[in-house]
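Undergrad: These are the residues of each chain, in order.
Number of protein chains: 2
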Amino acid sequence: MPPLTYIFKALADPTRRKILHLLRTKDLTAGQIAANFTITPASISHHLTILKQADLVVDERRGQNIVYSLNTTVFQDALVWLLQFTDAGDKAPHEEENAHD
Amino acid sequence: MPPLTYIFKALADPTRRKILHLLRTKDLTAGQIAANFTITPASISHHLTILKQADLVVDERRGQNIVYSLNTTVFQDALVWLLQFTDAGDKAPHEEENAHD
DNA sequence: TAGACATTTAGACAACTTTCTAATCATAGT
DNA sequence: ACTATGATTAGAAAGTTGTCTAAATGTCTA
Numbered sequence: 001m002p003p004l005t006y007i008f009k010a011l012a013d014p015t016r017r018k019i020l021h022l023l024r025t026k027d028l029t030a031g032q033i034a035a036n037f038t039i040t041p042a043s044i045s046h047h048l049t050i051l052k053q054a055d056l057v058v059d060e061r062r063g064q065n066i067v068y069s070l071n072t073t074v075f076q077d078a079l080v081w082l083l084q085f086t087d088a089g090d091k092a093p094h095e096e097e098n099a100h101d
Numbered sequence: 001m002p003p004l005t006y007i008f009k010a011l012a013d014p015t016r017r018k019i020l021h022l023l024r025t026k027d028l029t030a031g032q033i034a035a036n037f038t039i040t041p042a043s044i045s046h047h048l049t050i051l052k053q054a055d056l057v058v059d060e061r062r063g064q065n066i067v068y069s070l071n072t073t074v075f076q077d078a079l080v081w082l083l084q085f086t087d088a089g090d091k092a093p094h095e096e097e098n099a100h101d
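Line by line, the protein sequences are chains A and B. Letter by letter, the first sequence follows residues 1 to 101 in my numbering. Letter by letter, the second sequence follows residues 1 to 101 in my numbering.
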């Protein structure tokens, strides 16, 4: 599966987008994230797995907790792909031959 | 369903991304698009429906053919959403209070 | 080492996706 | 009006997703 597929699949769910939004200002534990939703912690855990798979977040165990944080670099991959469809288009003429999907 | 969900869902498939890529340089008929794939025209038609639903493409009948073209403005919605996760962040301080998802 | 807390994993289920074949709709040309 | 061509729609099969409950794992503290 192409990486962009994982990324866009991960972004294609409102719950997961809300999780990312929560992590935007500061890192949070799984429990803190779950506290913002009505679905079960197990379901949130599943969503976190999908976000990890897409490499949009990373996790680190900190004692009893698992702390999640954004991996901002991956958002740029999606951004770059989208850019080719805007009026800006493929800007750099030296940027060579189909790095595109 | 939030519009971003439609957009990212539509982008989360390699076939559909390839269709968008084909349309990047010029408008194409359903048949011309289908010629680039091994799956059936019926399946391509289905993918085109999903792209239309997300408003990423528009269609127009031209005699016997149906011509598809990109709707570049929608790509920007996705782009703007992604931008808030890059180092650039929410740039404008006067851009107010949660237009976010 | 036992108990409590935080989180994940396993297994089940309904809903949705992707693909196909076959049938239908729309237009053009004879 | 008939037929050929371009494209979509309908319905079915196989796979994937999002959610749940219940069980398991990992870590801290007594």
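Just so you know, these hints were derived from the structure itself, not from any lab. Do not take every clue at face value.
Which copy is meant is left open, because identical chains are indistinguishable; a pair holds if it fits in one copy or across any two.
Said to hold, decoys possible - In the DSS-like style, the derived pairs of lysine-lysine whose C-alpha atoms are separated by at most 27 Å in a straight line are:
hint: 1; residue 1: LYS18; residue 2: LYS52
hint: 2; residue 1: LYS52; residue 2: LYS9
hint: 3; residue 1: LYS52; residue 2: LYS26
Undergrad: Taking each numbered hint in turn, which are not upheld by the structure, reported in ascending numerical order?
TA: none
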